[in-house]
Every structure is written in C-alpha cells, then in structure tokens.
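Just so you know, the sequences run in chain order A and L.
Numbering of the first sequence is given in the UniProt record's numbering, commencing with residue 1 and proceeding in unit increments.
Numbering of the second sequence is given in the UniProt record's numbering, commencing with residue 1 and proceeding in unit increments.
Read the hints as simulated data drawn from the structure, not as lab findings.
Check each hint, because a few of them may be wrong.
According to the in silico footprint, chain L covers these stretches of chain A (three or more CB under 8 Å from chain L) [what the hints assert, rightly or not]:
id, segment
1, 4 to 12
2, 17 to 30
3, 100 to 106
4, 129 to 140
Nothing here was measured: the structure is a model prediction, and the numbers come from that model.
From the three backbone atoms N, C-alpha and C, an ideal C-beta is built for every residue, glycine too.
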Amino acid sequence: MTLFHFGNCFALAYFPYFITYKCSGLSEYNAFWRCVQAGATYLFVQLCKMLFLATFFPTWEGGAGVYDFVGEFMKATVDLADLLGLHLVMSRNAGKGEYKIMVAAMGWATAELVMSRCLPLWVGARGIEFDWKYIQMSFDSNISLVHYIAMASVVWMFTRYDLPKSFRLPVTVLLGLCVYKAFLMELFVHMFLLGSWTALLVKALLTGVVSLCSLFLFVTLVHSN
Amino acid sequence: MTGRWRLSLALLLLCVQSSLPSVLTAASSYQFTAYRMQQYHLGQQKHGCRGAIVVAEARSADEPVLTRRCVVMKVSDLTTEKYLEAQRQNAAAIFILLPQNTSNLPFDTVQSFMVSESEVLQRETLIPVYVVPEDDQLLCMYEEVKQAAASRASSIFVRVLRSMVTAMGFQILVGSNSPIKPITDNTLVTLEGVLPGAGLDLPTIIITAHYDSYGLAPWLAHGADSNGSGVTILLELARLFQRLYSNASTRPQYNLMFSLTGGGKYNFLGTKKWIEENLDHAESSLLHDNVAFVLCLDTLANSDALYMHVSRTPRPDSPMHSFIQHLEEVVSSRFPWVGLEMVHKKINLVESTVAWEHERYSLRRIPGFTLSHLEDPKSELRGSILDTMSQVDFRKLKRNGVIIAESLARFMFNLSDKGTPKEVQVFKGHMDFQDSRLSSLMSILTSVPRATQLLDKEPRQMLLVNSLEHEFRRYLLQVHRHTFRQDKRHEPEQILPFSSTRVKPAAFDLFLGGCIAAYLGIVYYAIQNFGYLYTKLKSVLKTKHA
C-alpha cells in the first residue's frame, strides 16, 4: 500500500494549493499563466542564489558538530534575493494589490512544491520503508504556502509609496523575520534540540504569527484611506 | 500551448520514473550481515539448512502463526521445541540474535543453547537459519515484535488500535541474489613434526590434536575449549620437550612426534588421511615401526575431571598401560582433587560418527587413547558457537598440561624409582608452562573462526595455519605439511548482507488517509470562510479609526 501512502502525502501537500487557487478567485482572472511565470522567476532566482553561494561561500571547515552561526547567517542573507524576485513578479503584474500578491505567492509556492518536494515524495514515500518525515514534509509545504503569501504581502507593503511612517518599522521587522525564518528555525532546533514534530509546530506558530501581523497591517493599510 | 506543455511534463515524469527503480531499492532501511548455518553431507546423512533466500516479515517466536514469516529469537529463546514448531509451520527463516559478549550469559542459558544447537545440526532442514550479532537496531526490532506478540492476548479494541496506528512491522530481505554454489574442492591440512630420540630404532610416541572448530554458523565457531585447548597444550609440550631433546644428556630414548590434524570435527578425516599417507603411501615412516602409543588431546580447558577414552582395555605389559599408570600416579600425588577415569568404548563400525580421534588409530592397529574432560563424545560442548574464551579456565588448562608433561617425562625417563611425582618435578621453574604463552596462544586461536570450510580459502584462516606450521618449524624437526582433498560435499558458508525495513500495517494507511481527508476538509472550510474573517477584521479596524 505504499503507493497509497504516496497518494496521502501528495494530497496533503497539494490540495491546499488547489483549494487556495480555486477559492481566492484567481481562476476568474485567468491567472494560471501568470502563476507559471512567477514559478519561472522562482527557478531563476534559486539558480542565481545557488551560483552566488557556490562562488562566495566555500565549504566551511569548521569543527564538526559546531553550528557555524555566522556562516549560516550569511547564507541566510542571500535569501534576500527571494524578496527581490517577488518584487519583480509583482511589479510586472498590473492589477489590484491582492491580485498581485496572490499571483506571486501562488506561483512561487507551487514552484517550490514541485521542485523541492515532489521528487523526495515520489522516491521516498513509495518505498517499502515507512518514515514519518514524508508526512512532515507535506505539512511543511502547507506552512510554506502561508509563509509565501505573508512574504509577498509584506514585500508589496514595503514598496508602497503611501506607506505611513509608523508602519515602516513593523514592515521591516516582518520582512527580516520572513527572510531569516529558516535560519531561526535551525537555531531553535540546535539550541533546544527539538524533535521533528516539535520543530514543525514551532515553524507553524512562527509562520502564523508573521502572517497574522502582515494581515493586520495589510488590512489597516488598504482600508485606512 | 498548455497542451504541449502538459505533454512535455508527462514525458519528463516518465523518464524520471524509469530511472528511479535503482534508486528505489536503495531505500533507507537498516543493513546488517547474517551468518548462515552450515550445511554438509557426511557419509549418507545430510546436516544443516539448505535455504538461503529470505523475503519475509519478522515475527517473535511466541506467536502462534509462523508460516512464511521470519522467526526472530534471542539465544535464550532457542529450544528444540520452538525450532521444531517453526519447521512444522513452514516458517520462512529463523534468525538467532547472538549477544556481543557471550561471557555475560547465565550458565543454564548457555547449556540449553548448546544442547539445542547440537540437535538442530543433527537434522537437515529447508528453512534458512541465520545467526546475527546483536546491536541496538536489531534489539529494538526484537522488542517490537515481542510486544506485538504479547498484545495478542489483550482486548480486541487495543489490538485494532495497535494494528491501525502504533504497530510497526519489519520486513527482512536478503541483500544479494547470488545462488548458493556447493564447493567440492575442499582441502585439509595436517601438520607433523618430530623430536628424534637418542639412538636408532626407537619407539615413537605420537601426540596429536585437531585444530578445527565446529558450530552452528562456521563464521562464528571459535572453538576455544574444543579444541583450542588441545592445540595450546600440544604447542607448549612441543616447546618444553624440545628443550629436553636439545641437550644430549637429557634426550630420552623415544621419538616424540607431534601432529595437528584438520577436519577433526568431521569424523577426523585429516587424521584418517594422514595415517593412510604414512602407512600406505610413504616408503618409510615412524608410524610403520614401533609406535608405543598415541595420545590424542581433545577439550582440556575446564572441569576437574579427566577421562581417558580407550577403545580396548590396554594390555598390562603394553607401553600405553604403563603411561596410564604414570598418569594416575601424577594425578593422585599432586592433584588428588582431579578425578581420572578410564572410559572403555568399543569401536562401532556401523555408526556414522567417529567418537574420538584415537579410534582412527585403533582401526589401523595403532594403540592410542584420547584425554578429555568430557565423558560423552556427543557432548554439546564439542561444537558450539558459544565455545568462546569464557569457557576456558587457564588454571585448569595449565594443570592438565602439567599432568601430561610430567607423566610423559616420568614414562620416558623411567622416573618411578627416582621418587614420587611430588618429589621429582621435571617441569618447574624455567621449564614450567608459561601462563603468558598459554593465554596468547589461546587468543590467537580464538581470534579467527577455525571452521573447516574456511581454513583453506579465507586469508586470515590460511594465515593461522601458516602460523601453526611456523611454530612447528621453530621447535620440531622433519616438519611436513600434508594437504589432502576432502571427499565430503558441502555448501559454501556465506556471510550474507540483509536489510530490515520498517513497514506499517495496511490499516494504518487507511487510517492516515482518513485523518488527512479530515484535515483537508478543515482547510477547505477555513479558506472558504477567509473572506468572512477579512471583512470582520476590516470592520474592527474601521471602528477603531472612526
């Protein structure tokens, strides 16, 4: 029944994306092709990041087991390119704020799902050996979806010309949190030696907090005038 | 446009899938090696297990249904009843977990295991039997299957819950597909060496021991007591008597011949071939002429009993009788707590197994006897994988060596009229048995499994045989190495790689599918009503600002 297990994991990973696409009204705007474009931008940005990392960050010969904080911090900084990529996608799409955010986020997250999760699921979940990590991977993709929506909205807010002064700081903080979320997660896991399920829970909480804050700011921004 | 894109994606997936099967077999499961039980024909009787391939789910031995499952048991679990039960139910395989440190096992466990082991080896079976060294992962697996068996007794609700959610099954697969090929060109090596006495036409005393070992799995048969002890005593005797022989004033009027024979556990084939070689094929040999007697050493590292096994009561005027009297003198005078007994067992030509090594000599009319601390030739201590250094008591080994050496010296130099064994001690001081040499010889002999199947093929075992020859050449003269081809067939004992993968029961997948469906339902509901949340938030903020 291991194909069944693969089906379980795939459904768990993919259905929220499908539901989000259908229910957010994107299908009415014929946004499929634009989402694919956003996905292509994601691929391009990842390629650039990989080249940059490979060129300027040689393998650290630090002590084994010692978590190289500074190195990982620098590597996480490269994730700023994600923000630039999102901004690029959004600037090329004309339309309302929500439309732009949703298109960018959907395309980006779907590309990440296909590239980084489909293959491990196909190879691993179909095998005879059972491991909980595939279910965790699928949950993780759900969390990523919410994360990217939040990130896209924060980027959009950051680039607005009519952003009130008082919002600058929270938006920047949220932006920083988004970029360094992966780094923070690894830090927590190392420091508190979290189990895999606990780490997933912490990640979900973190993403939830970030997305609620960004939602709050978004609503305030859009409907304050 | 989208149609073409979909087609290319489909083609891409197809290519990826076709290249993946090799990746799939390298799934992350736990790899371990297992040692197969040996298998051989001896005469007409077949022994051992015939099968090797295992693809089965692991089960504890306590479970009622074992058909086509792999039975996993620890050393303490193996009993003849359970083994026969597994056979009767056509189990797929039997795995025996061997602890790393066998010296920690309680005595009765060791005894019962040895008994079951010897009984298991008597029969032939189609079920593959493997011995696996224990480690943490395998112990985890054992605990899991044992718990699964124990939960059979609990209520049906608990059982269903277990089978759906928490149970973890284990699938055991053999890692290699190579078929088992029988090997027919096995060779035996027998070493001989002589310390020539002072004079011509002297009678010869032969001291012999077989150096191979026997057990359930050949790669795990270290044979410390049986017969590492015999080899150790023989080599020490060679060293000490070489000192006596090197000095012309102390050279006795006997030739002393030493022989280390292979194939001892298979009816002493090495001995038989060596006797034939010397008596039938060699032009002149010490065995032709005057042989006083043959002393065979077999299992001498434990216990305060010593048995002299003879096939015919020695005649009162024979050298053997005289030597036996010397043995009794030495024991009663110096070691009175040792029980020395003679066991008279007639040679039964109809029987398929040869009990002791001296029987081979007796068949050719050469008088001889075997010295052993075992009374029963069919004792399970003579061939077990648990026969490790923990079965060896070095003090008793040394004591037995001293008994033999002193008796030999008193016999050869006729020391009875010089004084009692307590007064006249030949082997003491710098001529004493060296403890360090005894222990290092034992360690070397037990460091490598000395099963007959491995001695002529594996590099470490061949090195050991070469070392034994080297030892002979160090102390003895006229050292010869005889190589005989063996006329018994057996299958090669492979160390096979295995993998154990954790599987979940089928009901678990359905249960998980149900849970995921429920979760997706919640997500759908949440996303559908997201707009509601949005408007609520908007109104809250509007009221705040207004």
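Those earlier numbered hints the structure runs against, lowest number first
Structure breaks hint 3 only.
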